[in-house]
Amino acid sequence: MSAATRWTIPAIRQALQTKKASAREIYAEFVKRIDRHNSEWNAYLTLSPERGVSQADRIDAMIARGEELPPLAGVPVAIKDVISTEGVRTTCSSKILEHYVPPYDATAVEKLERAGALFLGKTNCDEFAMGGSNENSAYGPVKNPVAPDRVPGGSSGGSAAAVAADMAVIALGTDTGGSIRQPGSFCGIPALMPTYGRVSRYGLVAFASSLDKIGPFATNVSDAAIALSVIAGHDRNDSTSAALPVPNYMASVGQSVEGLRIGVPEDYFGEGLDNEVKQKVQAGITALEKLGCRRIPLHMPHTEFAIAAYYIIATAEASSNLARYDGVRYGLRVSQPTLGDMYRKTRGQGFGPEVKRRIMLGTYALSSGYYDAYYLRAQKVRSLIARDFTDAFQKVDVIVTPTAPTPAFKLGEKSADPLQMYLADIYTVTGSLAGVPGISVPCGETRTGLPIGMQIFGRHFDEARVLQVARAYERGLGDAD
Amino acid sequence: MKISRDDVLRVAELAHLDLTPAEVDTYQAQLDQILAYVDKLKEVDVANVEPMSQVLFPVSSDGGDGHPELREDVLQPCTIADAVLAQAPDSAKPFFRVPRVIER
Numbered sequence: 003m004s005a006a007t008r009w010t011i012p013a014i015r016q017a018l019q020t021k022k023a024s025a026r027e028i029y030a031e032f033v034k035r036i037d038r039h040n041s042e043w044n045a046y047l048t049l050s051p052e053r054g055v056s057q058a059d060r061i062d063a064m065i066a067r068g069e070e071l072p073p074l075a076g077v078p079v080a081i082k083d084v085i086s087t088e089g090v091r092t093t094c095s096s097k098i099l100e101h102y103v104p105p106y107d108a109t110a111v112e113k114l115e116r117a118g119a120l121f122l123g124k125t126n127c128d129e130f131a132m133g134g135s136n137e138n139s140a141y142g143p144v145k146n147p148v149a150p151d152r153v154p155g156g157s158s159g160g161s162a163a164a165v166a167a168d169m170a171v172i173a174l175g176t177d178t179g180g181s182i183r184q185p186g187s188f189c190g191i192p193a194l195m196p197t198y199g200r201v202s203r204y205g206l207v208a209f210a211s212s213l214d215k216i217g218p219f220a221t222n223v224s225d226a227a228i229a230l231s232v233i234a235g236h237d238r239n240d241s242t243s244a245a246l247p248v249p250n251y252m253a254s255v256g257q258s259v260e261g262l263r264i265g266v267p268e269d270y271f272g273e274g275l276d277n278e279v280k281q282k283v284q285a286g287i288t289a290l291e292k293l294g295c296r297r298i299p300l301h302m303p304h305t306e307f308a309i310a311a312y313y314i315i316a317t318a319e320a321s322s323n324l325a326r327y328d329g330v331r332y333g334l335r336v337s338q339p340t341l342g343d344m345y346r347k348t349r350g351q352g353f354g355p356e357v358k359r360r361i362m363l364g365t366y367a368l369s370s371g372y373y374d375a376y377y378l379r380a381q382k383v384r385s386l387i388a389r390d391f392t393d394a395f396q397k398v399d400v401i402v403t404p405t406a407p408t409p410a411f412k413l414g415e416k417s418a419d420p421l422q423m424y425l426a427d428i429y430t431v432t433g434s435l436a437g438v439p440g441i442s443v444p445c446g447e448t449r450t451g452l453p454i455g456m457q458i459f460g461r462h463f464d465e466a467r468v469l470q471v472a473r474a475y476e477r478g479l480g481d482a483d
Numbered sequence: 269m270k271i272s273r274d275d276v277l278r279v280a281e282l283a284h285l286d287l288t289p290a291e292v293d294t295y296q297a298q299l300d301q302i303l304a305y306v307d308k309l310k311e312v313d314v315a316n317v318e319p320m321s322q323v324l325f326p327v328s329s330d331g332g333d334g335h336p337e338l339r340e341d342v343l344q345p346c347t348i349a350d351a352v353l354a355q356a357p358d359s360a361k362p363f364f365r366v367p368r369v370i371e372r
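Chains as they are written, first to last, in this note's numbering: chain P, 3 to 483; chain A, 269 to 372.
Honestly, I wouldn't trust all of these hints.
Here chain A is said to cover these stretches of chain P; the calculated rule only asks that three of the stretch's residues, wherever they fall, bring their Cβ under 8 Å from a Cβ of chain A [said to hold, decoys possible]:
hint	region
1	298 to 310
2	379 to 393
Some, not all, of what chain A presents toward chain P, calculated at C-beta under 10 Å [claimed, not checked]:
hint	residue
3	Val352
4	Ser359
5	Arg365
6	Ile370
Worth flagging that the hints you see were computed from the coordinates, not collected in a lab.
If you're wondering where the values come from, they're calculated on a predicted model, not measured in any experiment.
Every residue, glycine too, gets a C-beta built ideally from N, C-alpha and C.
Using the sequences plus the hints, can you model the full thing?
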């Protein structure tokens with residue numbers, strides 16, 4: 003039983019079916035591990051034992067009755083604290099929502115529950131998902147389980163750390179500019195950003211609505227595919243979710259990649275890329291070639307403008323979305339004699355420094371006289387970046403790049419310089435702006451043992467192809483071992 | 269300097285953010301640095317380029333249309349008022365209660 007915290011989804015299923023373990027016992031193993039180790043990593047902010055135990059009892063009752071088990075039966079999951087959970091505190095790692103308890107579940111959460119998952123709790127992240135290191139949490143940073151003096155990446159740092167440290171089998175994260183893929187890269191686990199519109203965002207606390215996506219972390223690509231198949235699909239409660247059928251991702255993860263065209267854009271391998279990261283990603287591409295893929299060199303000319311466009315668009319949308327935190331309807335209120343002072347004091351005290359910085363930047367970019375120069379221009383550049391992807395996908399099936407320019411950096415290393423922190427998103431924001439799906443898969447380590455991630459982008463709604471290539475690569479590594 | 273202290277104060281007022289004098293200084297310097305970087309966007313020729321105001325594309329692997337259908341305009345019963353008001357810092361059913369508005 004002690005190895006339960008390292009089981010994959012199929013291993014859990016088999017253990018339940020052969021009565022090697024009950025859902026209650028599996029859940030208890032994870033809770034024990036979290037109790038023992040969470041203080042080292044600070045991955046969880048809130049635990050949800052009541053919900054988790056009742057979910058486990060439901061699965062055990064199904065087993066006792068001999069019923070068919072749903073796809074995530076008995077699988078302990080973690081949920082990023084920007085995703086609403088009924089009856090379980092949801093803070094967005096912010097003081098302004100310190101005591102907020104949502105009265106409803108996000109659609110993705112409801113789907114996990116229906117699929118038999120067991121909720122462990124809510125994971126730490128950068129405040130309102132704004133950051134790339136998890137240092138912007140009002141409840142302290144998360145530490146990287148691979149190297150405790152380093153950041154786990156962000157903003158979904160707690161979700162990545164929970165899975166990497168065997169404190170969850172699956173974790174939900176959110177990705178606006180790289181917030182799933184980059185922590186996946188830093189913590190050495192697969193991390194999937196689905197296509198914009200593939201997964202309902204009903205119940206996700208909005209940061210930048212034209213960019214936000216929910217996606218899974220897992221210990222292997224196959225488990226990520228199972229998780230995606232559960233949370234994907236159209237939802238009438240989210241008008242931006244796509245009315246498209248969800249393919250069978252498990253069928254595609256087993257397929258050969260022979261003959262697939264792998265696009266390798268030179269623009270992602272230039273100045274600023276750490277040499278060890280470059281070597282490992284290039285070795286990853288060579289490994290894919292050995293599996294029968296064809297390498298096609300690409301030029302994606304607008305890549306270098308992505309950070310500038312992203313930080314205007316994302317902050318503009320954030321400044322609008324975060325207007326709702328005003329002390330009137332929920333969350334923190336700092337009482338004042340007049341309404342205006344109540345707004346200003348509540349927001350001034352409730353938000354942390356990075357959130358205020360982004361609200362300021364976004365408000366400036368949208369303000370009278372600056373809209374055309376910043377927001378409108380950024381939206382036009384976004385069209386060109388999206389066109390780079392559309393053009394590339396005329397010639398290739400997937401695009402392979404580094405996930406991040408460096409491995410995990412040290413805690414505190416970039417926190418005083420916001421622009422340096424923003425530039426760490428350079429390879430992830432492009433796909434975010436284009437709305438395409440992307441995964442980060444581990445592709446080796448630095449000499450000092452820090453994980454390196456390789457990013458695979460696919461066409462819109464073609465997660466099946468992305469998962470197929472990622473899984474083939476992962477399995478190829480396993481065979482090589 | 270692209271950003272003056274007055275700019276910072278004006279934006280903070282628009283965003284309803286109470287900033288300390290130290291925060292005003294910090295944000296002035298940081299916004300200035302970030303906007304100087306963002307000026308990169310001026311190098312791009314955007315003549316005849318439409319802004320990307322829609323993210324979902326009618327391109328997909330199975331030939332389907334990624335655009336969401338329009339929802340029928342049908343009234344749905346909504347019985348969550350009590351749960352919503354229970355979250356409020358101050359309420360008097362069916363209202364949220366706030367401080368005086370007039371002097372604003």
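Going down the list of hints, with the structure as the test:
1. Under a criterion of three residues with beta carbons nearer than 8 Å to beta carbons of chain A, the stated coverage of the region 298 to 310 of chain P is upheld, 5 such residues being counted.
2. With 10 residues having a beta carbon nearer than 8 Å to a beta carbon of chain A, the region 379 to 393 of chain P meets the requirement of three or more and the stated coverage holds.
3. Taking 10 Å as the C-beta cut-off, the interface hint given for A/Val352 holds, the closest approach to chain P being about 7 Å.
4. Satisfaction of the interface hint for A/Ser359 is found here, the shortest Cβ-Cβ separation to chain P being roughly 9 Å, below the 10 Å cut-off.
5. Hint status for A/Arg365: holds, given a least beta-carbon distance of 9 Å to chain P, under 10 Å.
6. For A/Ile370, the suggested interface contact is upheld, since its CB lies about 8 Å from the closest CB of chain P, less than 10 Å.
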